[in-house]
Amino acid sequence: MPNASKDIVVSNKLGLHARPAMQFVDVANGFASEIKVLKFGDEPGEADGKSVMQMIILAATEGTPMRIEADGDDADAAVKALAELFESKFGEEE
Amino acid sequence: MKLNEFIVADAIVAELAATDRDGALRELVTSLATAGAIEQGAVDDVVAALIKREQNGSTGFGKGVAVPHVKHPKVTKMVGTVGRSANGIDFAALDNQPVYSVVLLLSPENQPQQHLNAMNIVFTNLQKDMFRKFLRQSGTKQAIADLLDEADQGK
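Each protein sequence line maps, in turn, to chains A and B.
Going letter by letter, the first sequence gives residues 1 to 94 in this note's numbering.
Going letter by letter, the second sequence gives residues 1 to 155 in this note's numbering.
Derived from the structure by calculation, the hints contain no laboratory data.
Errors might be hidden in some of the hints.
Listed below are several chain A residues computed to face chain B (Cβ distance under 7 Å; list not exhaustive) [said to hold, decoys possible]: (1) I8; (2) V9; (3) M53.
Derived DSBU-like pairs: lysine-lysine, alpha-carbon spacing no greater than 35 Å straight-line [stated by the list, open to error]: (4) B/K74 x A/K6; (5) B/K52 x A/K13; (6) B/K128 x A/K36; (7) A/K13 x B/K71; (8) B/K63 x A/K6; (9) A/K50 x B/K52; (10) B/K128 x A/K89; (11) A/K13 x B/K74; (12) A/K89 x B/K52; (13) A/K36 x B/K133; (14) B/K63 x A/K50; (15) B/K2 x A/K50; (16) B/K71 x A/K89; (17) A/K89 x B/K63.
Here are some chain B residues the structure puts well away from chain A; computed CB gaps all over 10 Å [unchecked claim]: (18) D20; (19) G41; (20) R136.
For glycine and all other residues, C-beta sits at the position ideal for the given N, C-alpha and C.
Produce the complete structure using the sequences and hints provided.
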């Protein structure tokens, strides 16, 4: 099975709060691949990218380095789409 | 962070009188105001902001729990409370199931880290099957407060 990953940094000021977490899970659910999100830094963590609760528990603040991993036939497209959410700051202004 | 750093025990509502989402939000915010955790004059604005937030996307994340939350300029210190409904409330939850336990969180603006830490501890507990089960079964304010204390002590 193909897999893909990409390192990103949380760039929106409010961090990975409930709304971005849900937006991420919504997009993740559009792919068949398994999605895993790793949080690096002082308090590392790991979440199922298709679980809103697990994503919120990461409590990733602005500046937190993270990695999106996908495993499945559409892994490349999934990682691309999910990384774009972070890059667009989840549609938030800052 | 611990639950008792922001959950106001006096404001816990062991049996919500409200049977709908908006009523439950108002009941919990009013309870926080009665307990002195927020200004009485802020209740209407905060409730309106919470309802708007729910309309943008339900905080009923599934498994019978909802975590309505909002950042609001009239909130000067992060506070929260817990409400319980034996009959369940329609929160338009992600899994379309009724909500039996509501954890409400109000945060000041410009403190995103504190807000994320509070959400972290709330969901860390809500992810636990036993915590959700006991919360749903706790029929008095004291029983809920005790459950939260035990969670804070890592029991």
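Run the distance test for A/K89 versus B/K63: straight-line Cα separation, threshold 35 Å. With a Cα-Cα distance of about 29 Å, the restraint between A/K89 and B/K63 holds, given a limit of 35 Å.
Measure nothing beyond the straight line between the CA atoms of B/K74 and A/K6; if it is 35 Å or shorter, mark the hint as holding. Violated. B/K74 to A/K6 sits at ~40 Å, over the 35 Å cutoff.
Checking one constraint from the list: CA of B/K2 to CA of A/K50, max 35 Å. Satisfied? 26 Å, holds
Verify the proposed pairing of A/K50 with B/K52, using a straight-line Cα cut of 35 Å. Holds - the C-alpha atoms of B/K52 and A/K50 are around 25 Å apart, at most 35 Å.
Can you confirm whether the C-alpha distance between A/K13 and B/K71 stays at or below 35 Å? Answer holds: A/K13 to B/K71 is near 14 Å, not above 35 Å.
Restraint status (C-alpha distance of B/K63 to A/K6 at most 35 Å): Status holds; Cα separation ~31 Å.
B/K52 and A/K13: Cα distance at most 35 Å? It holds: about 21 Å lies between the C-alpha atoms, which stays within 35 Å.
Non-interface claim for B/R136: all C-beta distances to chain A beyond 10 Å? 17 Å, holds
Are the Cα atoms of A/K36 and B/K133 separated by 35 Å or less? Between A/K36 and B/K133 the Cα gap is close to 28 Å, so the pair holds against 35 Å.
With a cut-off of 35 Å on the C-alpha distance, tell me whether B/K128 and A/K89 pass. Given that 35 Å is the threshold and the Cα spacing comes to 30 Å, the pair holds.
Does the CB of A/M53 sit less than 7 Å away from some CB of chain B? For A/M53, the interface hint holds, since the closest Cβ of chain B sits about 5 Å away, which is under 7 Å.
Holds or violated: are the alpha carbons of A/K89 and B/K52 at most 35 Å from each other? Holds. A/K89 to B/K52 sits at ~21 Å (cutoff 35 Å).
Against the hints set out earlier in the document, violations occur for numbers 1, 2, 4.
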